[in-house]
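> Each chain is listed here by its residues.
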Amino acid sequence: MINIVIVLFTCQSFRDLGGEFNGLSSEFTFTYKTSLFFWLLFWYSTRKNRYKVNRNILTFSVSVKSAGEEQEGKVEMGVLGNSPKRKEYPDASPKKKSTTLRCLFDLDSRNYSPSRLSSAVRQSSFESQYEEILSAVSYCNFIFTFTDPLESPARQDLKRLKLTQILSIVKSCKRSVDELLLSHLMIMISTNLFRPLPPSSNTPTVSDLPDDELISNFSPAWPHLQIVYDILLRLVLNVDPTILCDYIEHHFLLKLLSLFQSEDPRERESLKNVFHRIYSRFTFYRSFMRKVMNDVFLHYVFETERHCGISDLLEIWGSIINGFAVPLKEEHKLFLMRVLIPLHKTKGLQLYHKQLSYCVSQFVQKEPALGGVAVRGILKYWPVTNCQKEVLLIGELEELVENIDPDHYRRLALPLCTQITRCLSSCNSQVAERALYVWNNELFVKMASAALEEVFPVIIEGMEKNLKFHWSKSVKQLTENVKAMLEDMDPNLYHRYLEEMDIRELEARQEELKRKERWERLELAAATAAAEQMKRISSSDQRNFFCFSVKKKNGV
Amino acid sequence: MAMVDEPLYPIAVLIDELKNNDIQLRLNSIHKLSTIACALGEERTRKELIPFLSENNDDDDEVLLAMAEELGVFIPCVGGVEHAHVLLPPLETLCTVEETCVRDKAVESLCRIGSQMREGDLVDSFIPLVKRLAAGEWFTARVSASGLFQIVYPSAPEIVKTELRSTYSQLCQDDMPMVRRSAASNLGKFAATVESAYLKTDIMQIFEDLTQDDQDSVRLLAVEGCAAFGKLLEPQDCVAHILPVIVNISQDKSWRVRFMVANQLYELCEAVGPEPTKMDLVPAYVRLLQDNEAEVRIAAAGKVTKFCRILSPELAIQHILPCVKELSSDSSQHVRSALASVIMGMASVLARNMILYHGIFDATIEQLLPIFLSLLKDEFPDVCLNIISKLDQVNQVIGIDLLSQSLLPAIVELAEDRHWRVRLAIIEYIPLLASQLGVGFFNNKLGALCVQWLQDKVYTIRDAAANNLKRLAEELGPEWAMQHIIPQMTNNPHYLYRMTILGAISLLAPVMGSEITCSKLLPAVINVSKDRVPNIKFNVAKVLQSLIAIVDQSVVEKTIRPCLVELSDDPDVDVRYFANQALQSIDHSMMSS
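Protein sequence lines, in the order shown, are assigned to chains G and P.
Position one of the first sequence corresponds to residue 140 (our numbering), numbered consecutively onward.
Position one of the second sequence corresponds to residue 31 (our numbering), numbered consecutively onward.
You may find that some hints are simply not true.
Label pairs and their in silico Cβ distance ranges [stated by the list, open to error]: (1) P:Gly-150 / G:Arg-420: 39 to 49 Å; (2) P:Asn-51 / G:Lys-430: 49 to 59 Å; (3) G:Glu-644 / P:Asp-599: 26 to 36 Å; (4) P:Thr-192 / G:Cys-384: 34 to 44 Å; (5) G:Arg-420 / P:Asn-51: 20 to 30 Å; (6) G:Arg-420 / P:Glu-78: 53 to 63 Å.
Below 27 Å or equal to it, Euclidean Cα-Cα: the simulated BS3-like pairs (lysine-lysine) are [unchecked claim]: (7) P:Lys-161 / P:Lys-77; (8) P:Lys-161 / G:Lys-430; (9) G:Lys-519 / G:Lys-468; (10) P:Lys-161 / G:Lys-653.
None of these hints come from the bench; they were simulated from the model.
These numbers come from a predicted model, not from an experiment.
Every residue gets a Cβ at the ideal spot worked out from N, C-alpha and C, and that includes glycine.
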């Protein structure tokens with residue numbers, strides 16, 4: 140809130156500087172708007188040295204001085220941590236600051252021809268500038284939790300300012316960043332990002348609410364983290380991967396990946412961006428990155444069912460799969476079967492279903508033959524009681540059918556239609572309606588008609604039951620419509636099966652009786668076998684006792 | 031029917047059933063596997079049934095789970111332990127399926143079978159199975175493998191033992207975290223079978239590596255087994271090797287790992303002995319008590335009494351007590367609640383050497399008492415309840431008088447809490463309080479409170495209140511109940527409350543004895559029998575029925591029977607029904623006597 144107040148205040152007093160404001164904004168493109176204002180504020184205060192009444196402005200002016208001069212003190216502070224009020228703020232010395240800023244701006248404007256940066260840094264006039272940036276980087280190694288009341292907000296703002304400063308430098312270096320600076324930057328990034336995540340704010344694994352925002356837990360240190368992520372992103376984009384891979388190694392990637400468990404959606408969004416960029420630029424890490432992402436999925440599906448970032452990771456996967464060459468490698472097909480399809484099993488499916496179904500459909504589009512595997516897998520993990528999941532999965536099946544190889548229609552028609560029929564007579568009217576709407580899909584109907592003889596008995600039975608027993612009027616109405624459509628497809632067949640329905644029911648009942656009788660005979664046989672054995676071996680052996688206990692258990 | 035003459039093929043029946051679409055039928059038939067086996071006989075079970083099961087593993091996870099379970103107790107069906115090895119192939123395939131429950135059950139069944147198998151068979155068939163699983167292509171097999179090592183290791187020949195150890199250590203370095211996790215959580219069991227010479231070298235190395243894993247989920251599982259592992263070692267080895275690892279990992283970056291350390295630390299103290307505990311573990315534990323993360327403090331606070339029990343009282347007073355004081359005003363209610371649930375035990379722990387440290391002891395009580403009191407006044411009901419639930423522990427040591435003054439306001443506040451579960455909880459502790467505090471405490475306020483609960487808005491509370499009266503009467507004697515409860519049980523305009531009182535009477539009567547029942551309770555019941563609400567009237571009939579056994583025959587004839595006869599003419603059908611029931615039971619009891 141205080142930022143906004145300052146910004147308002149700044150706007151008021153800066154009215155006369157409108158022209159310069161415009162000029163600046165064309166030179167710098169900040170992602171973070173308020174930081175622009177801070178820049179302005181800071182710049183203005185250093186040049187005019189007028190608005191020291193405001194405490195924040197005062198702090199900003201101090202910041203530059205301390206960055207330039209008291210490097211030692213700062214390093215110490217980074218180590219010692221919690222003593223925010225240790226240092227007295229001396230009065231700002233405007234002269235020094237104004238040169239500093241000039242340099243910065245000069246540096247920036249010069250770097251439209253970026254190759255000159257390293258040489259520019261070496262020039263003596265920029266040496267202090269360079270030092271300053273290094274010290275700013277080391278200053279940023281100090282972590283603010285934003286939860287400790289002892290932390291001074293002024294310091295927090297100062298760090299943000301410095302981070303913004305670093306970001307603009309990194310942005311301006313289009314091709315190369317100095318090695319020393321790079322190593323400092325990467326240390327700073329690691330210390331800021333790789334922190335232990337707090338315990339989950341809500342104990343239940345999945346919220347019933349599909350809205351992601353409601354269950355999210357915002358990270359208090361986000362104002363700093365955001366800029367750090369931006370810096371990392373810039374480095375990934377600008378610096379040559381062969382240089383950067385000294386710093387971004389497997390361990391770094393693993394830690395980055397574990398941050399996807401953050402409950403802050405903003406952080407996951409940034410992470411997703413960075414991680415994806417790394418994947419696309421660091422080609423030599425690709426297979427490693429795919430593997431570790433898989434580990435996260437498998438851990439989620441088979442062990443914890445607790446992870447916030449599945450949807451974000453799947454989004455990355457969506458674009459990875461998109462880039463796969465055809466024909467697909469065996470490894471990637473295995474990924475579909477062993478990882479993506481089991482992901483349909485968890486109770487948290489709602490949170491990432493959109494991304495997941497995109498991934499699956501990408502696979503099937505690339506290789507329609509995989510449709511069969513996908514459909515069977517989804518049918519295998521069909522939920523028993525979770526209606527919301529059923530609705531989603533019906534949608535996914537419908538979409539898959541559109542992409543499936545028509546040669547597979549015959550084989551898939553029966554299992555698919557059996558499941559859809561089960562759904563269309565579900566007590567949950569949403570599920571039933573969704574399943575009935577499937578019949579509006581031409582391709583689905585086409586698929587069903589490929590094996591009409593097998594499919595019809597199943598569907599007709601479901602339809603007739605719905606018409607007789609379903610509680611919901613609208614379901615009945617929809618069933619009526621679908622029935623009319625199916626009748627049109629092959630009226631003779633339809634009526635034949637309709638008539639046979641009673642016969643089949645009778646047969647089923649007889650089968651039931653037969654089964655019962657068969658088991659009775661089996662149990663009798665088991666009992667006699669056990670008794671015979673008892674007779675044969677007079678000594679009471681353990682297994683005989685066992686057989687008797689079996690008999691008892693089965694009620695003979 | 032014609033089918034009766036059909037020959038019976040048990041295997042065919044099973045195959046047929048397993049093809050059915052209805053999963054319930056498939057499950058049923060799997061659960062009857064032993065019947066099928068009995069009918070087949072041992073030999074055909076081995077030659078036909080088991081191979082069929084080995085191939086038929088493409089079913090629903092639920093069916094596979096049932097199969098894994100059944101096969102675990104199948105040894106008698108295949109002809110005893112000498113044929114147990116035939117059961118291994120189907121279970122091996124079940125160890126590689128995706129679903130975790132199925133795999134776990136298959137491993138459990140394999141362990142059960144393996145522990146009965148003969149040594150030679152283990153070597154011939156079980157060890158190769160473990161090796162195959164450990165070299166499995168997909169993680170599922172390798173995860174299952176790590177749970178089987180402890181079965182085969184003891185009977186393996188020396189050369190194979192070396193191989194098994196190195197295989198296990200490979201599993202602990204597997205590149206899939208799932209496998210490492212499974213290996214880490216099974217390490218304790220495996221270590222228990224390994225010879226002590228290798229414990230110090232091989233297993234120790236594995237343990238150290240696991241505690242440095244880059245996944246916190248692996249590290250915490252390694253910690254979970256540390257105490258068990260530590261107890262296997264000689265104390266000096268434990269101090270030399272395990273202790274530094276644990277002290278180090280107690281400052282792990284991940285709170286989950288620290289949480290686990292906080293849970294395990296007290297057990298480790300037993301393994302390392304008193305001196306290292308004092309030097310290293312106490313500081314580590316104090317750090318955990320002051321951890322930044324509330325979850326860790328909860329775990330640490332919950333173990334504070336167990337930890338102090340191992341320490342000498344001076345150490346506990348010097349190091350732990352100050353932290354406890356701080357925790358009692360912790361910002362997290364869950365930390366306070368965890369502390370409250372164990373803190374009462376502290377008094378007795380610290381009082382162990384009362385005579386030796388008499389001066390210290392008094393000081394301790396002086397320090398503990400304010401903590402008790404502040405927790406008792408906590409705004410969060412769970413905290414107070416936890417203190418009250420353990421009152422008996424503190425009573426033996428410091429006497430309850432010191433607490434009683436604060437106790438009463440706390441109880442009164444809880445008794446009027448907004449949430450009925452809190453009220454229920456306090457009601458359930460009332461008999462405990464009664465036994466600890468004695469009659470004197472109950473005379474005034476609490477007696478009234480107990481009766482007041484009978485008029486609670488929530489049925490469960492009224493029900494609990496009636497039970498509570500009965501237990502109080504048992505605890506404090508009928509005399510007390512006569513004086514303090516019965517006079518306060520008055521009639522209420524609302525029929526539900528009148529019914530509660532009837533219920534209370536039927537519970538109290540057996541405790542109070544025949545005399546008081548006749549003189550006080552019975553007249554009250556008879557009085558209510560003229561109520562205008564039928565529900566009350568048929569409940570009167572029920573209560574009277576229950577009183578028959580308690581009072582004299584003459585009273586039954588003189589008072590109860592006339593009343594019941596009157597009720598049996600009631601216009602309401604239910605009242606008539608229950609009155610007749612009661613009359614019948616009078617007749618029964620007369621006949622039997």
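> Each hint: holds or not?
Hint check results:
1. P:Gly-150 / G:Arg-420: 39 to 49 Å: 59 Å, violated
2. P:Asn-51 / G:Lys-430: 49 to 59 Å: 39 Å, violated
3. G:Glu-644 / P:Asp-599: 26 to 36 Å: 54 Å Cβ-Cβ, so the 26 to 36 Å window is violated.
4. P:Thr-192 / G:Cys-384: 34 to 44 Å: Distance hint for Thr-192 (chain P), Cys-384 (chain G) holds at roughly 39 Å.
5. G:Arg-420 / P:Asn-51: 20 to 30 Å: Roughly 51 Å apart at Cβ, these two residues miss the hinted range, so it is violated.
6. G:Arg-420 / P:Glu-78: 53 to 63 Å: 60 Å, holds
7. P:Lys-161 / P:Lys-77: 25 Å, holds
8. P:Lys-161 / G:Lys-430: Answer holds: Lys-161 (chain P) to Lys-430 (chain G) is near 25 Å, not above 27 Å.
9. G:Lys-519 / G:Lys-468: Distance ~25 Å between Lys-519 (chain G) and Lys-468 (chain G) Cα, so the pair holds.
10. P:Lys-161 / G:Lys-653: 46 Å, violated
The structure does not agree with the numbered hints 1, 2, 3, 5 and 10 stated previously, though it agrees with the rest.
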